[in-house]
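There are 2 protein chains.
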Amino acid sequence: MFDLKYHKDYFAGSRDELCAKIQQSVSTKRYQHILGVEQAAVQLAQENNVDVEKASIAGLVHDYAKERSTEEFKRVIKKKHLDPDLLKWNNFIWHGVVGAEIIADELKIDDEEILNAVRRHTVGSAVMTQLDKVVYVADFIEKGRVFPDVDFARTIAFNNLDQAVAFETKHTLQYLLAANKTIYPAAIETYNRWVVAVN
Amino acid sequence: MFDLKYHKDYFAGSRDELCAKIQQSVSTKRYQHILGVEQAAVQLAQENNVDVEKASIAGLVHDYAKERSTEEFKRVIKKKHLDPDLLKWNNFIWHGVVGAEIIADELKIDDEEILNAVRRHTVGSAVMTQLDKVVYVADFIEKGRVFPDVDFARTIAFNNLDQAVAFETKHTLQYLLAANKTIYPAAIETYNRWVVAVN
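One line per chain: the protein sequences are L and A, in this order. Numbering-wise (the working numbering), the first sequence opens with residue 1 and increments by one. Numbering-wise (the working numbering), the second sequence opens with residue 1 and increments by one.
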């Protein structure tokens with residue numbers, strides 16, 4: 001574990017206090033994944049001149065709302081007047097874009113860069129900041145992930161962040177297609193921007 | 001070639017007269033493709049209780065505007081007040097959805113079922129009529145098409161039209177992804193409806 005001190009007031013407390021709140025919101029298994037994402041995000045932030053404290057917080061909170069109920073997500077979509085089209089989707093989509101609202105409310109985090117990184121961590125976006133990319137890629141390559149190309153993905157991630165975004169986006173879409181699984185249309189905007197434009 | 005007589009006034013003239021107009025609008029090579037699509041569309045229409053005259057006309061006109069210039073398509077998008085988002089795209093997308101407007105104006109075809117089949121022949125749609133499916137699939141399997149899975153695609157097409165829509169949609173997306181080519185977001189709506197829901 002790291003011993004990262006928070007100084008910038010993105011969160012009103014220490015890293016340990018933030019971790020304690022997250023641990024209350026998710027299962028043990030997901031908490032281990034979250035710590036892995038934070039660690040990878042901090043490393044990628046250091047490599048790419050991104051604010052390490054933001055990377056730590058965004059990594060820690062990215063799945064904060066993942067285990068909330070369908071009812072809770074739908075309630076938040078309506079209460080916050082989010083795009084009603086969201087109601088047609090599911091936890092996979094909601095825990096990022098709706099999760100950011102839950103994080104803002106419960107953890108009192110209002111930094112829009114951190115919240116956007118949470119919003120965009122699931123399917124990316126045509127517009128992504130360096131912090132967004134760090135969290136998106138960290139979620140894919142954290143040390144607990146096991147899939148055939150993961151070592152290759154890790155190598156790319158620490159070599160070229162944009163190429164890692166492209167690799168992850170294409171890899172995920174190919175997996176979804178092969179398995180006949182639903183693709184969220186915004187994932188195609190990520191693909192058109194970061195895969196087509198890069199290659 | 002067939003000798004199909006038109007009786008229903010979807011087009012104000014004979015099939016030969018329609019063919020003559022199409023021949024003036026496209027290259028010889030594309031005209032051969034168009035005749036192949038018409039033939040496949042008529043056969044698929046017969047198998048699926050779809051109006052054969054509509055299938056013939058939709059097959060013949062589906063690529064009528066394919067060789068028009070970027071300038072012409074942009075002019076039509078503005079003049080007809082089509083979705084301005086279309087301006088960001090290209091001939092591949094325009095020749096269906098904008099092409100339908102050019103067909104309506106120049107060939108005086110106003111049957112919305114025929115025009116919708118033209119609009120939807122390129123990337124499909126979440127909502128597709130039987131005629132839409134017939135033209136979408138005919139374009140994929142017509143006798144001039146050559147690609148590794150084309151015989152398999154033809155077998156599916158004459159066995160189950162919905163499965164053929166699913167096969168074509170998935171096959172095309174897999175090709176585009178592997179080649180890092182742009183994917184039009186509406187193609188994902190087709191995939192989510194006809195591939196994910198079917199499998």
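The set of hints was computed from the structure by calculation and includes no laboratory data. Even for Gly, the Cβ is constructed at its ideal location relative to N, Cα and C. Hints are not guaranteed to be accurate.
[To be verified] On the chain L side, residues computed to face chain A include the following (Cβ under 7 Å):
| id | residue |
| --- | --- |
| 1 | Q174 |
| 2 | L177 |
| 3 | N180 |
| 4 | V196 |
| 5 | A197 |
These are the hints, each one checked on the structure:
1. Q174: Result: holds, 6 Å to nearest chain A Cβ.
2. L177: OK, holds: L177(L) within 7 Å of chain A, min 6 Å.
3. N180: holds, 4 Å
4. V196: holds, 5 Å
5. A197: violated, 9 Å
In summary, the one numbered hint that this structure violates is 5.
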